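Novice: Sequence:
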Amino acid sequence: MKLSKAFIPTLKEVPADAIIPSHVLMLRTGMVRMLSAGIYSFLPLGYTVVKKVVEIIREEMDAIGGQEFHLPALNPKEIWEETNRVEAFGDTMFHIKNRDYVLAPTHEEIMTYHAKGVVKSYKDMPQIWYQIQTKFRNEPRPKSGVIRGRQFLMKDAYSFDTSWENLDKSYALHDQAYRNIFKRCDLKYFIVGASSGAMGGNRSEEFMVKSEAGEDTVAHCEKCGYAANVEVATSVVEGAPRNENSLELKEISTPNVKSIDELCRFLNINETQCAKSRVYIHNDKPVLVLMLGNDEVNETKLASVLPGALRPGHPDELKEITGADAGSIGPIGFKGRIIADLRLKDANNLYSGANKNDCHLGGIDLKRDVPNLEYFDLRTVQAEETCTRCGSKLDVFKAIELGHIFKLGTRYSEALGATFLDENGKVNPIIMGSYGIGVERVIACYIEQHNDEKGIIWDKTLAPYQLHLMGLNMKKPEVIEASNKIYDDLKAMGYQVLFDDRVDAQAGFKFNDADLLGLPVQIIVGDKNLKENKVEVKIRKSGERFTIEIDRLYDKLKELI
RNA sequence: CGGGGCGUGGCUCAGCCCGGUUAGAGCGCCUGGUUCGGGACCAGGAGGUCGGAGGUUCAAAUCCUCUCGCCCCGACCA
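So the first sequence is numbered by this note's numbering: it starts at 2 and just counts up by one.
Check each hint, because a few of them may be wrong.
[Claimed, not checked] Here are the simulated DMTMM-like cross-link-like pairs (lysine to aspartate or glutamate), alpha carbons at most 20 Å apart as the crow flies: (1) K286 / D317; (2) K52 / E300; (3) K455 / E14; (4) K224 / D396; (5) K121 / E424; (6) K336 / E252; (7) K224 / E375; (8) K211 / E223; (9) K461 / D556.
Since the hints were derived computationally from the structure, they do not count as laboratory data. Quantities reported herein were computed from a predicted structural model and do not represent experimental measurements.
Using the sequences and the accompanying hints, generate a full structural model.
Specialist: Structure (structure tokens):
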């Protein structure tokens, strides 16, 4: 492609709205332009990269026996009502105004619909069906360029099996395919155990890339490799000590003391002597959640302990339920279910709210004073805590979710009646898995991991072109002739070449554009080197540059690309 | 949805607080010329309903009200 003819609108200045490197660079290199919040147009250069990623995904999915579909994004709402997901997605799902259609945010329902009545026998399975297609989600807050958009490309795959054991096999195939895909894309990633959330199912793992722009937080152990989303991660932490003698319950006046920190200062005690109370409304009934000190309630863990409708209580509800405002609530005299974090197991001589404003109770013995108290792991892992597997310290950081694999089970097949007959002629629901990859995220994450102050650093695998040929002074006949000949030769050899043949651009301008676009190898044709029949080659990644005779260039390129 | 910020030629921004020439700069773009291996220079030129609507005023980019859009933090999130 000749740059003089190409639509590759590079920007010299940093766009005001972009913060993270991948977003800045995708705009500056002319890969994308924003149309509206969270909605991006891919320009030719960006779309070329999309096609490369898609092709890698396609090859690896085909390699595990996947069959590619192309489903409609426009779906009848009815089918989503059968699985209750219109309600589950809520405002995140786009609804069409003038017909009862929705824009699909994922495709479990539609794939299951097609399996129903067609995949009827155990002999018809296993099946792996996938597509690479646009998804629509009405994100309340799109951010970070293409990383969180309202419309995005997703590879979504679905497996259909006759048993949980066979699902394990399909799941393992996808796990391997995903490892291959991300490795080929040269991404540093790791795999974490995750919560399956609204997708349902009983097991899921996420493929994560460490990044400050990430929206997930993960705990990771460098030493043994343990990695989990903090939604589900666990660690070894000391519980509150149980003292030999339990003190008597004692009411203490604590005017204007609201937080645990204030309480510790006021009474000159340690936070591990305090039980913090949070009230949730679970299926319309209040539940008191006790945490040690300043530990935060992990609402994902809480939701798995309290399945169903769950939300924090409103301030006015708290007053009505407990007789006190947040900050003075406690377990003694609380009417309703009480659960506590494991760190509080059988602790005594604790301080907590007295369910009376400006009052706390001391000398609380959970064993003595809170009968039938249930303990669960409810806290969020913090950095520097101890790994449950190997005993070393956990690291906690932000990460971007690139892919997610779920063992769904029968949730969709049961809801939609997708059943099969087994060897014994018995009717069973199909056992399903679902597997997603965010295509744009692969690109954005690659750029996050491969850039410098000059621009992107493409590896040959994802680079939109392999070679960046530059004619430095395209008014000089010898440069025109030599660079055009090299361009034609390289194309004839099958290379993908971007040829900066612009007549009016200065050398420095071309160099900077080349470094910005970041194609792996630059070939620089200038009149000085041409006098010795040479050109200059620059490796973008290392910055290494050398001159070489034109005759030897082609052999050298075989080594480099 | 809550908090904060911002909307002025294609891009980055100044002007607004304190209303008053023909609304500015740099980059980019067009024409001509010089330059030509790390984002050149000279001369000339095109391009703006100041996000939109309403209001105050003799007079609004500037003040007021409403509204739309965008960014950041939070909430939410597959």
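Novice: Hint by hint, note whether the structure agrees.
Specialist: Okay, the hints, checked on the actual structure:
1. A C-alpha spacing of about 15 Å is found between K286 and D317, which places the hinted pair at or below 20 Å, so the restraint holds.
2. Restraint check for K52 and E300: the C-alpha separation of about 39 Å exceeds 20 Å, so the hint is violated.
3. Taken as a hint, the K455 and E14 pair is honoured in the structure, with Cα atoms around 12 Å apart against an allowance of 20 Å.
4. Between K224 and D396 the CA atoms are separated by roughly 10 Å; this keeps the pair inside 20 Å, and the hint holds.
5. Restraint check for K121 and E424: the C-alpha separation of about 12 Å stays at or below 20 Å, so the hint holds.
6. Of the pairs offered as hints, the one joining K336 and E252 holds, with about 19 Å between alpha carbons and a cut-off of 20 Å not exceeded.
7. Annotation: proposed proximity of K224 to E375 is violated, straight-line Cα distance about 33 Å (limit 20 Å).
8. Restraint check for K211 and E223: satisfied, since their Cα atoms lie roughly 13 Å apart, inside the 20 Å limit.
9. Between K461 and D556 the CA atoms are separated by roughly 17 Å; this keeps the pair inside 20 Å, and the hint holds.
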